[in-house]
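Protein chains: 2
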Amino acid sequence: MMRTAHGLVQTPVFMPVGTLATVKAMTPEELKELGAGIILSNIYHLYLRPGVEVVSALGGLHQFMNWSGGILTDSGGYQIFSLASLRKITEEGVHFRSHLDGSSHFLTPEKVVELQLAMGADIMVCLDECPGYPAPEEEVHRAADLTLRWAKRCLEARRDKAAPLFAVVQGGMLPELRREQAQAFRELNFDGYCLGGLSVGEDKDTMLAMVEATTPELPENKPRYLMGVGTPEDLVEAVARGVDMFDCVLPTRNGRNGMAFTAAGKVVVKNAVYARDPRPLEENCGCYTCRHYSRAYLRHLYLSREILCYRLLTLHNLYYYLHLMADIRQAVAAGRFAAFRREFYDKREGGNTRG
Amino acid sequence: MMRTAHGLVQTPVFMPVGTLATVKAMTPEELKELGAGIILSNIYHLYLRPGVEVVSALGGLHQFMNWSGGILTDSGGYQIFSLASLRKITEEGVHFRSHLDGSSHFLTPEKVVELQLAMGADIMVCLDECPGYPAPEEEVHRAADLTLRWAKRCLEARRDKAAPLFAVVQGGMLPELRREQAQAFRELNFDGYCLGGLSVGEDKDTMLAMVEATTPELPENKPRYLMGVGTPEDLVEAVARGVDMFDCVLPTRNGRNGMAFTAAGKVVVKNAVYARDPRPLEENCGCYTCRHYSRAYLRHLYLSREILCYRLLTLHNLYYYLHLMADIRQAVAAGRFAAFRREFYDKREGGNTRG
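The listed protein sequences correspond, in order, to chains A and B. Numbering follows our numbering, in which position 36 of the first sequence is assigned residue number 36; successive positions increment by one, without gaps. Numbering follows our numbering, in which position 349 of the second sequence is assigned residue number 349; successive positions increment by one, without gaps.
Since the hints were derived computationally from the structure, they do not count as laboratory data. Where hints are given, some of them may not hold.
You can't tell identical chains apart in this list, so a pair holds if it fits in one copy or across any two.
Stated by the list, open to error - With a straight-line cut-off of 20 Å between C-alpha atoms, the simulated SDA-like cross-links for lysine to any residue are: (1) 270 <-> 54; (2) 152 <-> 35; (3) 270 <-> 305; (4) 32 <-> 291; (5) 32 <-> 288; (6) 270 <-> 53; (7) 222 <-> 13; (8) 32 <-> 160; (9) 270 <-> 57; (10) 270 <-> 48; (11) 266 <-> 105; (12) 270 <-> 58; (13) 270 <-> 51; (14) 204 <-> 157; (15) 270 <-> 100; (16) 111 <-> 291; (17) 266 <-> 279; (18) 32 <-> 13; (19) 270 <-> 45.
Just so you know, these numbers come straight off a predicted model, no measurement behind them.
In isolation and in its complexed conformation, chain A is listed as follows (with noise of 0.2 Å):
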């Protein structure tokens, strides 16, 4: 079944992650005038470095890192299951040690509640398991079933419903669980939804499935965040499946790596046929990139590894995809989104068509 983009609260954001209490490359100020509203910041990366304690006594997240917008804090799981090392969950919560230095630590569900109200959160996110990928099926289970029981935990924690609290509906790429899975958080009436364990190594098809087996169980009025994804194709076809939220760090990272994102496609800034190319990265576009720098220059700065460089394609790259967000906004209010999909497919080169 195939959702087309008209939820009730159907506005569609995309948030630049800030892993280490800034987004790689970039002030607050510039990502503000770039449109950004909600960034994402990891708590198991600042729990580890600098730690709670001393955000807490800096102000928090907002004043230690200067951001006045609003601050998504992740809660941990993605990271402990994919950098910690020697897990070992129990129902009480996960051990593991740091990957920065073998530290042990114990984060429980009310434990990062506790965490995030301290770093000064404006939108928490419960504790979840997520499974490896490929997975044996029960252990799928098992791991989704731990996220829900963590979730009505992490909701009993949040005492006085300080801060809007999300959950991550887990399931692997089983739809049927991640339907019923839905199902039962819905009941739960958090103040949004997150698709989490996804983009992690399974086929875009697939991913597409596990979400639309699992949008329609969750509430039109509530945002469905489809966490650390994509591509601009990503978006657009996960926005087609009732999605509204998106945090990943390919803007970013991929800028780092000398690779721009534009309405055609990609754009890889090395290449030798570059080297004499006095046209923006991308023409029309409005970004400060854009509007100062050719390729040529771009390439010369990424071939001697300057520090601007990356500056300047993380820029635009966040151009691009806070833009390509706001113009899907501004379909889905119109109500013309499948001819916004239509077009954003038309312009790609190569005439490719998905993923």
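Place chain B on chain A using the hints.
Okay, now just chain B, sitting in the frame of chain A:
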């Protein structure tokens, strides 16, 4: 003999170094806002990569790098003698191999003027031979004399006086030779005079003695430019000895290495003592970094190897250097440089007196 600062054109300026067509980590707009009027671009680096033809085809260095201020291009001499390999010097010019790819090149005094003109330089510098340090006396004499002959050829090569041309006075650590060279150069009526071959490993007293030997022999109504210098103390002491212009990588390089310059001395941000320090790098500093970020936050960014840290420290250090020079200019203009110099040392922590 100690000269105090009262030359006719003594309005000391500091030029940030834009080795690879950008001042590392900074945009041109940021530099302009900091008050930088001139930046230095290294011809050696740009000649090898991206190449003069590329810069030229893209409209010259100003347009290539989006910088509307002044550009002083050095001659490449210093880098040829510090970075390149298999150097062979003849009367005609210098053969060398690129430190990037081992390719062979031959540069003559005429060629480096041509390169600088093609780049669109606002101020050009003559090709010089910078002897090693330490070096045998006869070697220092030979290099100084060759530099003088090459300077005459540069002057000839600059048909129609397309841009101001500065000579480089060499002479190693031999004050008498420096004095003679300065006198000989003075006769040739250059637009400005560089003091080259200093800050190459000699101690501070020796460097300042060489400055003292040179500046009195150079015209007071032409800029006297001490290349590649230096610390805040070096700047103050060199101005006291009649120097007008400086360039140095210290504010940017040390910034990227986590070190901040302040009126009280250095702040090494990684130090554990700053882990919870809510103060800015420097109290009452008006720079963007100090207005918005704590030492604790900068330490966190540094330990996390965040690009933003390099940006924020570079910005602060350039602000410090450019404001130091602005304060020096004001003090010189008001005839109170001696008092300024005393106050400068009074503010240093632990009462350190010089260098």
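Go through the copies and call it for residue 266 and residue 105: within, between, both or neither, with a Cα cutoff of 20 Å. neither (41 Å within a copy, 36 Å between copies)
20 Å Cα threshold - placement of residue 160 relative to residue 32: neither (30 Å within a copy, 50 Å between copies)
At most 20 Å between CA atoms: does that hold for residue 152 and residue 35 within a copy, between copies, both, or neither? Classified as neither; 34 Å inside a copy, 57 Å across copies.
How do residue 270 and residue 45 come out at 20 Å by Cα distance, when the copy is not named: within, between, both, or neither? Classified as between; 18 Å across copies, 31 Å inside a copy.
Same-copy or cross-copy closeness of residue 270 to residue 305 [CA-CA at most 20 Å]: within (11 Å within a copy, 24 Å between copies)
What label fits residue 270 with residue 58 when the C-alpha limit is 20 Å: within, between, both, or neither? Answer is between; shortest inter-copy Cα gap is 17 Å, intra-copy 41 Å.
At most 20 Å between C-alpha atoms: does residue 222 with residue 13 qualify within a copy, between copies, both, or neither? within (13 Å within a copy, 59 Å between copies)
Using 20 Å as the alpha carbon limit, work out where residue 266 and residue 279 are close: within a copy, between copies, both or neither. Cα proximity of residue 266 and residue 279: one copy only (15 Å, versus 43 Å across).
From the Cα coordinates, with 20 Å as the cut-off, is the pair residue 270 and residue 53 best called within, between, both, or neither? between (43 Å within a copy, 18 Å between copies)
For the identical chains here, do residue 270 and residue 48 meet the 20 Å Cα criterion within one copy, between copies, both, or neither? Answer is between: at 17 Å across copies they meet the 20 Å cutoff, but 36 Å inside does not.
Within, between, both or neither: how does the pair residue 270, residue 100 come out at a Cα-Cα threshold of 20 Å? Cα proximity of residue 270 and residue 100: across copies only (16 Å, versus 32 Å in one copy).
Please work out whether the CA atoms of residue 111 and residue 291 approach to 20 Å or closer within one copy, between two copies, in both situations, or in neither? neither (47 Å within a copy, 34 Å between copies)
When each numbered hint is compared with the structure, violations occur for hints 2, 8, 11, 14 and 16.
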